[in-house]
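Participant: From just these sequences and the hints, can you work out the full model?
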Amino acid sequence: MIKKKIFKLTLLFVASVFILTGCGNNAEDSVNLSATEGAEELNVAFMGLPATMDAHKAYTNYDAQYLDPCTGQLFRIDPVKGAVPELAEGYQVSEDGKTYTVRLRDNIRYSNGTEITAHDFVYGFRRVVDPKEASNEIFVFEDICELKNVFKVNNGELPLSELGVKAEDDRTLVIELENPCPYFLYVLTMPATSPCNEEFVRECNGRYATGPDTLLSSGPFYVDKFEPLGIQIHYSPNPYYINSDNVKLSGISFRQVANVQQAEMAYQTGLVDAINVSKDYLVLSGDDPNLRSVTGGVIYYINGNFEKSKAFQNRNIRLALAKALDRDTIMKDFFRAGNESLTRIIPRNCTYESDGTDFAYDSDRYKDLCGYDPDKAKEYWEQGLKELGVSEVELELVTRSGSEEFIEILKDGWEEILPGFKLNVRVVPPSQFQDIREKGDFDMYYGGWGADYPDPNSFLDILGSDSSVNDGHYSNPQYDRLLQEAQLETDADKRLEILHKAEDTVMNDMPMIPLYSQGESWIISDRIEGLDIIFSGKLLCNLAKKK
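The working numbering applies: residue 29 is where the sequence shown begins, and numbers increase by one.
Worth double-checking, as some hints may not be accurate.
SDA-like cross-link-like pairs, simulated, lysine to any residue; straight-line CA separation at most 20 Å [unchecked claim]: (1) LYS338 with LYS176; (2) LYS414 with ASP403; (3) LYS109 with LEU571; (4) LYS176 with VAL121.
It should be emphasised that the hints constitute simulated quantities derived from the structure, not laboratory data. Since this is a predicted model, take the numbers as computed values, not measurements.
Facilitator: Next up, the structure:
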């Protein structure tokens, strides 16, 4: 993954104001948002807004959430079945695993009735890679699954026509990769791989995706209204959607709530049917029978600098820090609901074996290395001090503003259990945090990572020597070989065995100290059914209905 991917965790609360003029190409006139009435309207509240509604430049979790109703993909995530065909009819993979030939469904159309063709997918892929577009989603095609020629095209060494995607005809899309990518179907569920009509974009004269009239939907719904100042977005059913008969809602309204009090009032008065709730709201609503908490694809951890910090280079020091944390108590007392203590890299409820077993089913697999044990932590610590030839260690931890209370708990636990340890905490604004990581101006930092796709590689890859988000510069040739071996293995079960060995290797080294996996908590009215939450915490609204 490349550095731009970090935006997904550092810019979750970026707001966006949309321009309300445009090309006027949606199926119906705008509706009155102030009402959002009707028995089949779904109203959902979030604590944030999207940074963009351009699917090929989206980079925050809110972007993905707000784009989901109006963005059709070749494949769509099903919470039970995984990646299932949506706009695609089927696909074939070459023997070497590097070429995907996707056949599109017949009669698939945008919300203005224009036909969706394979050429629209080619144009969408090219928008992401085109250096003139400067898309934050370039990491999808560079680091998750590498498109043929993607680096040379993005660097301007080759023209866009040399990118590994082409239309054999209107219904046949051919995608070429540099290397096999066993989870590529999941990539084809991401907004960056959605179709885009080149003629429509040109007609928008630089205003594409800035308002309802400059958006063209390929999904079950289309955007028909923004409220002034962009605090609410309304969707109506796309009459041209391929599976429109399965859409039971007459509309969807996503709105931002500014604070806990507003969220509570909106839900209690029936203004909204579902709320993505924060930790503060959980304090008020922990006993609500309609509270649903799902732990999945986001992990938080302490990462150290192997180039700057001599102390963190010492394995015994790292193991001491890992075993001196009482994660279970911290989760219970600090986070309330949704989050789980984590003593490994791969969290539960995110990735599975071929027989359906959770890849991380054994939560105690690394208990000896990472489980809370103050006596063992002291042994590791004393051995580490001896190897370093010192009697005390002083380290600085960098963290974003807003996390001070949590970091203070870690600091107190470490300094109480590990004699001679002093932790200095540097709190910085989110806008500076990523720059500090890239420059290596830290001993340790408190950070997070969200999976883009439900596969162990989505987490393990970030610690590879050549990963551009390996800010701590950890390097283990054996670990790198295992990651490469897994990348080339086409047998699914053998590949997962290799990835288990890779996690064993990296946990034995402990370059990253896992803390917890983040959960998403929702209050969902019992008037609603069919709302699913997937591994990333995204709410799937398209097939919901009211009772």
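Participant: With reference to the structure, classify each hint as holding or not holding.
Facilitator: Hint by hint, here is what the structure shows:
Among the hinted pairs, LYS338 with LYS176 is inconsistent with the structure: their alpha-carbon atoms are about 40 Å apart, more than 20 Å. At most 20 Å may separate the alpha-carbon atoms for a hinted pair to count; LYS414 and ASP403 meet this at roughly 17 Å. A hinted pair counts as satisfied when its Cα atoms are at most 20 Å apart, and LYS109 with LEU571 qualifies at roughly 15 Å. Of the supplied pair hints, the one linking LYS176 and VAL121 holds, its CA atoms being roughly 15 Å apart against a limit of 20 Å.
When each numbered hint is compared with the structure, a violation occurs for hint 1 only.
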